[in-house]
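Residues per chain, in single letters:
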Amino acid sequence: MSDPTRSSPTENNVTDESMEQAAEEQAEQTVAESRRTHHAIWVSGTEERMPFAESTDEGAQELLPRDEDPALAMQRGVVVDDDYVVPEHVDDAERQIINMGPQHPSTHGVLRLHMELEGEMVRRVKPIIGYLHTGMEKTAETLNYAQGSTNVTRMDYVSPFANELAYSLAVEQLLGVEVPPRASAIRVLMTELNRVASHLLSSATMGMDVGALSMMIYGWREREVCLDFFEKVTGLRMNHNYIRPGGVAADLPDGWTDDVITLIEMVNGGVDEYEELLNENPIWLDRTLGVGVLTPEEVKQFGVTGPVARASGVDWDLRKQTPYCGIELYEFDVPLGKHGDAFDRYKMRIDEIRQSLRIASQITETIPAGDYRSVDPKVTPPPRARIDESMEALIHHFKLFTEGINVPPGAAFQAVEGPRGELGCHIVSKGGARPWRMRWRAPSFAAVQALPSMMTDSMVADVIATLASTDPVLGDVDR
Amino acid sequence: MTDVDNKLIAALLEPFESAQVSERAYASSDSTYFAISIPVEDWVAFAEAAKTRGFDTFSDLFAIDHFTDAPRFEVVLNLVAMIANERIVVSTTVPYDDPTVPTLTGIFAGANFYEREAFDLMGIEFPGHPDLTRILMPDEWEGHPLRKDYDIGAVPVQFKAGSADL
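First to last, the sequence lines map onto chains C and Y. Going by my numbering, the residue at position 428 of the first sequence is 429; the numbering climbs one at a time, nothing skipped. Going by my numbering, the residue at position 161 of the second sequence is 330; the numbering climbs one at a time, nothing skipped.
Just chain C, with the same shape it has in the complex (with noise of 0.2 Å):
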């Protein structure tokens, strides 16, 4: 320390601050050591101590005072205008904080939910996302056309050809690339019945989270004669490229349409069963009846779309109002529902399935003939007769192989209904073979943000099953 004698009134008051501070900190830290000593954990066998961890608060995710987190408070229903029934006194004694998830089964993938609990009373839920966040944004802009479709099957990994199928039309519309007739209705078959798919598993988690364990096992049971013939088409039962820029990979195999008949015939079986199985049972309904009610306004504010939105009176649905790969040629009927509960979102899904079973059940009659991708020889290769005869088409084939397909500078939007709702990809091209940036306006990332209004100021257990009717695909929310 320097000599007080020496020193200038004033640096001599900075001294004694700095002292202060000093000795405020020593205390802190007598404090913080003596909680280290109380806590510490004995590397086993030795005297050396465990390294403790630096702190246990939850950075920049802490869910903050009550008054203070504005952003809780909008997700709240505060700006939304809203029935929510937010007490005036809280006891701080009864509040804790949990943590649910990111490892917890019933959170359907890595999601996080940070609940502030009272009792049995869920008073504030902070969604924390981001554990599976693998970049594919950022991917795809070192992948051309031709690889970017095998990098965007595996976002919303349940349902692939939704993802194709954005990200194809996208491609196409900036390449003005007409698809033919057959590739549209093959398009649509198979997202029709990748819905069926998505559904049935959405349904029997559902199932499984809420505790009617026999609808787990039904709703794999007929999942699975989906992914068969997707496997027969593909040749992979998830994750399939088969719908690509142009058109889709190959055509449907023989026989196809006994394989969807029998599907048809089995998945409206099953459908029926679940019904009788589920929709007077008493325990189902007490546990989805009136639970995580989510209202058309908040639907509008969050962007919340799909059976979510349907099961709320929202009657939007991207196959109605922008049809797409010539699916209005196709008579079905959007279901909506009226209450925006668990117990609409799941009868949503029920609905759907049988819808999408007529869609599928009309392609296999009404399938036009013809080529199942387009001619245009911007993204397909000559055909392989061709290439042993002519040098430009061996040209062609090469550049077109090792270059990938080139578009033209511009910006497009394309959105698709997804089994989840809107799947949109924005894709922004400067020209050449890669995009530049390829935006995914994915259904389940706008889901996660509307459960704080749907979960709060209800039970615990309700957050199980209102999470598990959201259905969110956490590789569709991180993306």
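These aren't lab readings, by the way, just hints derived from the structure by calculation. Cβ atoms here follow ideal geometry from the backbone N, Cα and C, with glycine treated the same way. Treat the hints with care, since some could be wrong.
As the list claims (entries may be wrong) - For lysine-lysine, the following DSS-like pairs were computed, each having C-alpha atoms within a straight-line distance of at most 30 Å:
| no. | chain 1 | residue 1 | chain 2 | residue 2 |
| --- | --- | --- | --- | --- |
| 1 | Y | 317 | C | 379 |
| 2 | C | 400 | C | 431 |
| 3 | C | 400 | Y | 317 |
| 4 | Y | 176 | C | 321 |
| 5 | C | 339 | Y | 220 |
| 6 | Y | 317 | C | 139 |
| 7 | C | 321 | Y | 220 |
| 8 | C | 339 | C | 379 |
| 9 | C | 139 | C | 379 |
| 10 | Y | 317 | C | 431 |
Stated by the list, open to error - Every beta carbon over 10 Å from chain C, so not counted as near; a handful from chain Y, in silico:
| no. | residue |
| --- | --- |
| 11 | 177 |
| 12 | 180 |
| 13 | 185 |
| 14 | 188 |
| 15 | 221 |
| 16 | 233 |
| 17 | 294 |
| 18 | 300 |
| 19 | 307 |
Given chain C, work out where chain Y should sit, using these hints.
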């Protein structure tokens, strides 16, 4: 401003004289959507006007990095009018040295996560956002991965045959 046939879009764009609009067609479909670009000063006012005109469904918000072009960043907002069955893709640009766009969370509660994502991955600042923290990357992450000057990186792979010691 470019003239458009659509009455709703024309009415929406009337107060915003510097807005540019173009109609784009979806692939394999008869439907269209409108791509609109506006200056960043009009961002909030435009979103409010769109909401009152019926574009009340928030669909998407994200950023694009036009590296080496100036202005460097483009922020895109995607809104849907469910009753009119129209979609607008609104974009604005911000420079590299001041990548700030006013927040839309006061108008659309759903902008919350999307603005966090644009902040996290592209480093766009949204003044007025209640909780502008990272959302997909870990909290302690440095840099904004979707920027074009952010290296894609690689994990060194040790091949058995490639090692000099063997």
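Hints, one by one, checked against the model:
1. Y/317 / C/379: Satisfied, since the Cα-Cα distance of roughly 28 Å is no more than 30 Å.
2. C/400 / C/431: Distance ~19 Å between residue 400 of chain C and residue 431 of chain C Cα, so the pair holds.
3. C/400 / Y/317: holds (26 Å)
4. Y/176 / C/321: It holds: about 22 Å lies between the C-alpha atoms, which stays within 30 Å.
5. C/339 / Y/220: holds (24 Å)
6. Y/317 / C/139: Measuring from Cα to Cα gives roughly 9 Å; hence the hint holds.
7. C/321 / Y/220: holds (23 Å)
8. C/339 / C/379: Violated: residue 339 of chain C and residue 379 of chain C sit about 47 Å apart, past 30 Å.
9. C/139 / C/379: It holds: about 25 Å lies between the C-alpha atoms, which stays within 30 Å.
10. Y/317 / C/431: Distance of about 13 Å is within 30 Å: holds.
11. 177: holds (15 Å)
12. 180: holds (20 Å)
13. 185: Its Cβ never comes within 10 Å of chain C, the nearest being 20 Å, so this holds.
14. 188: holds (16 Å)
15. 221: holds (13 Å)
16. 233: violated (5 Å)
17. 294: Check passes; 15 Å lies beyond 10 Å.
18. 300: violated (4 Å)
19. 307: violated (7 Å)
Checked against the numbered hints listed earlier, the structure breaks hints 8, 16, 18, 19; every other hint is satisfied.
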